[in-house]
Amino acid sequence: MKPVNEMKMIFESRSCNESFARSAVAAFIAVLDPNIEEISDIKTAVSEAVTNCIVHGYKDDIGKVYIHAKIFEGARVWINIRDRGCGIADVKKAMEPLYTTCETGERAGLGFSIMESFMDKMKVRSNPGKGTSVTLEKSIVSKGK
Amino acid sequence: MPVDIDIDEKSVTAYISGEIDHHNAGALRAKIDEAVEMSYPEVLIMDFGAVTFMDSSGIGLVMGRYKLMRDLCGRIIIENAPRSIKKVMRMAGIEKLLSAENKKEGSFV
Ligand SMILES: Nc1ncnc2c1ncn2[C@@H]1O[C@H](COP(=O)(O)OP(=O)(O)OP(=O)(O)O)[C@@H](O)[C@H]1O
Ligand SMILES: [Mg+2]
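For the protein sequence lines, the chains are Y and F, in the order given. Residue numbers for the first sequence follow numbering that gives the first Met the number 0, so the first one is 0 and each next one is one higher. Residue numbers for the second sequence follow numbering that gives the first Met the number 0, so the first one is 0 and each next one is one higher.
Keep in mind that a hint or two might mislead.
[What the hints assert, rightly or not] To list a few chain F residues with every Cβ distance to chain Y over 12 Å, as calculated:
| no. | residue |
| --- | --- |
| 1 | 20 |
| 2 | 30 |
| 3 | 56 |
| 4 | 59 |
[Claimed, not checked] Below 25 Å or equal to it, Euclidean Cα-Cα: the simulated SDA-like pairs (lysine to any residue) are:
| no. | chain 1 | residue 1 | chain 2 | residue 2 |
| --- | --- | --- | --- | --- |
| 5 | F | 85 | Y | 18 |
| 6 | F | 86 | Y | 108 |
| 7 | Y | 120 | F | 66 |
| 8 | Y | 120 | Y | 23 |
| 9 | F | 86 | Y | 32 |
| 10 | F | 66 | Y | 104 |
| 11 | F | 66 | Y | 32 |
| 12 | F | 85 | Y | 104 |
Because the hints were derived from the structure by calculation, they are not lab data. Remember, predicted model here, so these are calculated numbers, not experimental data. Note that beta-carbon positions come from the ideal geometry of N, C-alpha and C, so glycine has one too.
With the hints as extra help, turn the sequences into a complete structure.
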C-alpha cells in the first residue's frame with residue numbers, strides 16, 4: 000500500500016538529539032489531529048527506540064540514527080528507527096520486561112515494554128555487529144478528542 | 000538546571016521541570032543526590048508537577064533514588080505526577096510511591 004505521506008531523517012547519535020527526534024515525529028503526524036495522550040504515547044515510544052540506538056547500539060561511539068515514518072490511509076502511522084551499531088544477540092531476551100545490560104543501576108529495562116504497550120504493534124530485527132531496527136505502528140483514532 | 004531543591008530538617012524536595020530523558024537524567028540525578036548526601040533526609044519528595052515528558056530514563060531516575068533512600072533507611076514520595084507521567088510509571092509499578100493525594104485525583108487503572 001502506498002503511504003499518503005512519508006519522511007526520512009538521519010542524525011548523529013548524540014543525546015541532545017533525543018528531544019529533537021521525538022518532536023520531529025510528533026510534528027510529522029500532527030496533521031492526523033492526535034489527542035494529547037496519542038502524541039505522548041508516540042513521543043515516548045520514539046524516545047525509547049532512539050535512546051536505545053544511542054545508549055546501546057553505539058555505546059561510546061557516535062554513529063547515525065535513521066528514522067523513516069509513513070502515514071497510511073485511515074490515519075495509520077508507521078515508524079522505523081534503526082542504527083548500524085552493535086546489534087542484539089538475543090532479541091527475545093532483550094524484550095523481556097526489566098531485562099537490561101546496563102550495569103549502572105540507572106536503567107529500568109523497560110524500553111521495549113513501553114514501546115510495545117504504548118503502540119499498537121512493535122517489531123524488532125537485529126543482527127549482531129550490523130545493527131538494530133525497530134518498527135512501530137499506531138492508528139490515530141481520536142480526531143483530537 | 001531543570002530542578003529546584005528545598006532542604007529542611009527531615010526532607011529534601013526536588014521540584015523537577017521540563018523533559019526527563021536520557022539526555023538530562025544525569026544532571027538531575029547529580030543534583031538530587033548531592034542534596035540527599037548532604038542532608039541525609041528521612042524522606043525524599045520528588046515533585047513531577049512541572050514535568051512535561053518522561054520516558055524510561057525517568058523510571059531509572061526514580062528507581063535509583065529509591066535505592067539510595069532505602070540505603071539511608073529513608074523513603075521516597077512522588078508528588079503531582081501528571082496523567083501521562085503516571086502512565087509511564089505504571090509500567091514499572093512505581094506508582095505505589097505516589098503520595099496519597101496524587102493517587103486519588105484522576106484514577107488511572
Ligand atoms: N539499538 C540497540 N542496540 C543494541 N542493543 C540494544 C538496542 N536496543 C536495546 N538493546 C538491548 O536490549 C536491552 C533492553 O532494552 P530496553 O530498552 O528494554 O531496556 P534498557 O534500555 O536497558 O533500559 P530502559 O529503556 O528502561 O532505560 C538493552 O539493555 C540492550 O542490551
Ligand atoms: Mg531502553
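Hint-by-hint comparison with the structure:
1. 20: Per Cβ check, residue 20 (chain F) is inside 12 Å of chain Y; nearest 5 Å; violated.
2. 30: Given a closest Cβ separation of 14 Å, the condition holds.
3. 56: violated (7 Å)
4. 59: At roughly 5 Å from the nearest Cβ of chain Y, residue 59 (chain F) sits no farther out than 12 Å, so the non-interface label is violated.
5. F:85 <-> Y:18: holds (20 Å)
6. F:86 <-> Y:108: holds (16 Å)
7. Y:120 <-> F:66: Given pair residue 120 (chain Y), residue 66 (chain F) is violated - Cα atoms ~33 Å apart, limit 25 Å.
8. Y:120 <-> Y:23: It holds: about 21 Å lies between the C-alpha atoms, which stays within 25 Å.
9. F:86 <-> Y:32: holds (21 Å)
10. F:66 <-> Y:104: Distance ~9 Å between residue 66 (chain F) and residue 104 (chain Y) Cα, so the pair holds.
11. F:66 <-> Y:32: violated (41 Å)
12. F:85 <-> Y:104: Measuring from Cα to Cα gives roughly 21 Å; hence the hint holds.
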